[in-house]
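Undergrad: So the chains spell out like this:
Number of protein chains: 2
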Amino acid sequence: MMETQLRVTFQPQGRSVFVLHGTTILEAAARAGVVIETPCGGGGTCGKCRVKILANAGVPTPADEHTFSGSELREGWRLACQNPIKTELTVFVPETSLFGSEHQILTTSDAAAPRDVRPGVRKTYVELTPPTLEDDAPDLLRLELKIGPFKADLPLVRQVPITLRAHAFKGTAVLADHRLIDFEAGNTSDRCFGVAFDIGTTTMVGELLNLCDGRELGVVSRMNPQVSFGDDVLSRIKHASTCAGCLDEMRLVAIREISGMIDALCAGAKIVREHVYEAVFAGNTTMSHILCGVDPRQLGEMPFVPAHARGLLVPAAELGIPIHHRGLAYVFPVIGGFVGGDTVAGMLATRLDQIPGPVLMVDIGTNGEIVLAHEDRFYAASTAAGPAFEGARIECGMRGTHGAIEKVVFDGDVRVEVIGNAAPSGICGSGLIDLVAELLNHGIVTPEGQLLSGVELPRALAPAFAKRAQTDEDGEAQFVVTDATPGRPAPPVRLTQRDIREVQLGSGAIRAGITVLLRKAGLAVSDLRTVLVAGGFGSFIRRSSAQRIGLLPPEIDHQRIRYVGNVSLAGAKAALLSTEARRQSEELARRVTHVDLSTAEGFHEAFAEAMLFPLVEERHTPGRTGV
Amino acid sequence: MMETQLRVTFQPQGRSVFVLHGTTILEAAARAGVVIETPCGGGGTCGKCRVKILANAGVPTPADEHTFSGSELREGWRLACQNPIKTELTVFVPETSLFGSEHQILTTSDAAAPRDVRPGVRKTYVELTPPTLEDDAPDLLRLELKIGPFKADLPLVRQVPITLRAHAFKGTAVLADHRLIDFEAGNTSDRCFGVAFDIGTTTMVGELLNLCDGRELGVVSRMNPQVSFGDDVLSRIKHASTCAGCLDEMRLVAIREISGMIDALCAGAKIVREHVYEAVFAGNTTMSHILCGVDPRQLGEMPFVPAHARGLLVPAAELGIPIHHRGLAYVFPVIGGFVGGDTVAGMLATRLDQIPGPVLMVDIGTNGEIVLAHEDRFYAASTAAGPAFEGARIECGMRGTHGAIEKVVFDGDVRVEVIGNAAPSGICGSGLIDLVAELLNHGIVTPEGQLLSGVELPRALAPAFAKRAQTDEDGEAQFVVTDATPGRPAPPVRLTQRDIREVQLGSGAIRAGITVLLRKAGLAVSDLRTVLVAGGFGSFIRRSSAQRIGLLPPEIDHQRIRYVGNVSLAGAKAALLSTEARRQSEELARRVTHVDLSTAEGFHEAFAEAMLFPLVEERHTPGRTGV
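Protein sequences appear in the order of chains S and D.
Per this note's numbering, the very first residue in the first sequence carries number 350; after that it's consecutive.
Per this note's numbering, the very first residue in the second sequence carries number 350; after that it's consecutive.
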């Protein structure tokens, strides 16, 4: 069943989203990538989530009246957590209401241009005085006296004198990592771009940035084509050893896809690839190894040792990345084992070292990464969550793109929200977590993970739900989420018993990892002050659903849980825009204690236990549980 | 006429040389590349040139008796400047008697291994603890914890894990310029070599050094094959513009020859090229440009501006130099105009900044370079001396190799010394200077440079000389130095009028350069405290001959003149052995004021004047004039 959705636009971020009637402004904002601060957890008491509704603000709630003056109320000021959306709106979100105004979290949601743009690439237009007998300084020295010291590779020593003389001693010097990588005719100093990539096991996301001011110029997301060689890191590692050229084959399919993404980004922004001077890559250890052509074989054998620890700054051409012909590529540092650059990027983006702890960061992907920060110590672990949360290994699963069901609410019937407000083509990670949570809430799935149908269903179950819990032609239980829409190309979207097993495995692995890390640090779940949930979901993971299925410990006060988006990409962007951020990431990577879960004491017991869904019988009420 | 020569061996340097009967030990030592200190100019008064003759010391001179005790005299101690050689000798030269014991001059003659060997390349054998679950540090980090921080290029990130596992976590790390350039199986730490090159317009000299202890393992010298494109820098610059591939063609013939020299050096020392990790090149501006594939066109046009000033540290492979596949090449910094890396290397080798001034350094080659150091200021100029002093453009000219006449004395008849004690094949620069000086002394050449014959000859001229001053079949005057030796392949060696014109041009250009620089600094010739004469001569330039022909101002007290050998090569060696020396050379290059002679006031007048040989009618007496 599809419902009419309402468009809400957030300013000055300029982002729009379609939401169901009754969704709070807070949740709508979060889904649009505008994360609003809610220290009270959306209870309407802290007054932090102030927004201004530009028209049709509606009647203030008691909490609004308590918070704002009469004139403020008349201007449209409201608390985002208290106001359900009933009509199309444009909402102004002041910077002071954004999450991270205390400690700036650099997420994709942080739409404002970063304040500190100091990239490793610098372009300077110069007009040099042509040499005379009295001033016969060599060409490169003449340039250095203008723009400061640099190193020059041979091709530039060859090129600069020619370019200078062909263009009246005027041109634009391009410095990257203190090396002169180009000297361009004319003034091209405003055409200085970079790309940041999150290279996931299943999904790759790339973003184009203007290195002059940090502005975002486009995002593109694609399936990692290496999935054809196996959908998790272990199968990729195994494939790399299968034949002499297998590693290179896997590397090249990814590079080709990345190349296509760069093309798409450049085309979208109407710029040329030769003006993209740097590419930054954050990915897990296996992805980084394959991207760099480093044999990942040793990652597949005890004690799972990566080749390198430090970040790698190499000529982009050596990786086959088609940006400027002398451009650079930075591959994030590695922590250890399977905990790689994406985790470091996440720590960098969330400024995990600056958040009052104990704080837990959980990055949910095919490889789930968990970092626990406590008293200046960091513990990190990686766990094979499987690709279920990225829509893979799920029958009707898909990535969080156009047509993906990304929110599910059981409210009389099954209500869904689809990315792009389109006909549903499948279900993505956040929709899947919602759906399983609702199936548990309504007793259609048992705590053991059994999908019920027919006479097994709870007697009190409303017929609207009961009729969806069917058995297929093979007698297997299935839950029909959306029927085929007559006259539209959308197929039915259903959930199978096998799908639920995948969710159990993935959420159990992450949950067990959390348990082990907390034990390692001598902490209980209740000690956690903040839990940051990260991941490249289609949209926004609802904390209540994540807790309901046991992905996050149910006993955590849900006010302490925040979804922070694709922090791996956000960290890659930060490192692209600031060499200082890059330095910090190198330092962060070295401060972390790597915990190998596969051999950690108690992991297997914790995993077995976490495979069971929690027993909590909590009723989910849309619009009240918050995010 | 050939005379029997006497072999003299110097210890601990282990160098031997053949000399004419009566040559002083001082001169013989210098010709063997062992430069002995002579502050008094060889007058026997300062007692600095102490040596110990190991057998057949002969009767002490009065100066010896004044200097040494009776027991010292009995042990064979003598003053090198006072004792003519009358029999084959072995002479011990203590380090305290070596020139440079005050300010260490790093010449090829400085046979003792340099004290401060801190090259940019470092090899360390490591035995790492294999990783365990408790100690799962990434491979490169594990290596770094052992040998200190380094940067690693992609190929090394790929290679190290494989090599470590194939060889029980043992191997030899090779760091160059703080980068890991190789990780070799087994302990190869004692196989660490480098090559230093002086790339002259006419002659290229290369030396192989052990980078562990600085020991010299071999020297090889070859003609620069670019001479086929023109014998001076201007004709090379012109050729580079002749066709699209001409620059590259010139570059490649030089690279091929250098490659052959490296092969020869490695074969001689029984080492493999892959254990040579660094190559250092000192050459004039044009040679450096062509070697690096930088178009030298702008050096051929006013205001003669080089492309680069700083030294270039680049992958050797980028230059085509066949050493270790990731080895480095360092090309010396440039001062300005035609004053290039060879001059900087010479300043470095002679530690010109530390010698009490005013001091003049004259490097005699196809391009003559002159540096004047005075009160912390340095002036440098380059002058087109032509290739005469390197044996080119001279009919019977040759480089200072086996078979070259390198010393000429008129003593009853023409007496010559030939390199390798062989039959004479031609005459090299030092022999040519001697010869013209003697011809001037005997009135066979006039101050205007006319070579006389027949009735024009002075009446008093001994018949032994008169019969050599002939006219050839075309009626041109010639002086026959050595006749064809019957039964030996050696052709006659003669000097023509044209040869004398070449000597006049070369010595006049250098002399005019000296005049202009002195004027620039407000100094007179008499102010000069020290004159260092450098050049890749076959052997040893005699200061008296150089003054006689006017190459050096005759009015300089000849005690102040020292021949310091191939300082360009010596500087290249110093920079190969010490990164600190390299840093100093960069600093020196920037401190020098470049003087363009072609446009300097008064140069052309000075040149015209210097073309005439000095009028001095000084008689040369072998064995007394000293060196």
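Some hints here could point you the wrong way.
As the list makes no split between identical chains, a pair holds if one copy fits it or if it spans any two.
Computed list of lysine-lysine pairs in DSBU-like fashion (alpha-carbon distance at most 30 Å, straight line) [as the list claims (entries may be wrong)]:
#1 619 to 587
#2 587 to 816
#3 519 to 500
#4 401 to 435
#5 587 to 519
Simulated from the structure, these hints should not be mistaken for laboratory data.
Undergrad: Could you run down the list of hints and mark each one as holding or not?
TA: Status of the hints after comparison with the structure:
1. 619 to 587: neither (40 Å within a copy, 44 Å between copies)
2. 587 to 816: neither (44 Å within a copy, 91 Å between copies)
3. 519 to 500: within (20 Å within a copy, 35 Å between copies)
4. 401 to 435: Within one copy only: 15 Å inside, 109 Å across.
5. 587 to 519: between (54 Å within a copy, 26 Å between copies)
Going through the hint list in order, the structure does not satisfy hints 1 and 2.
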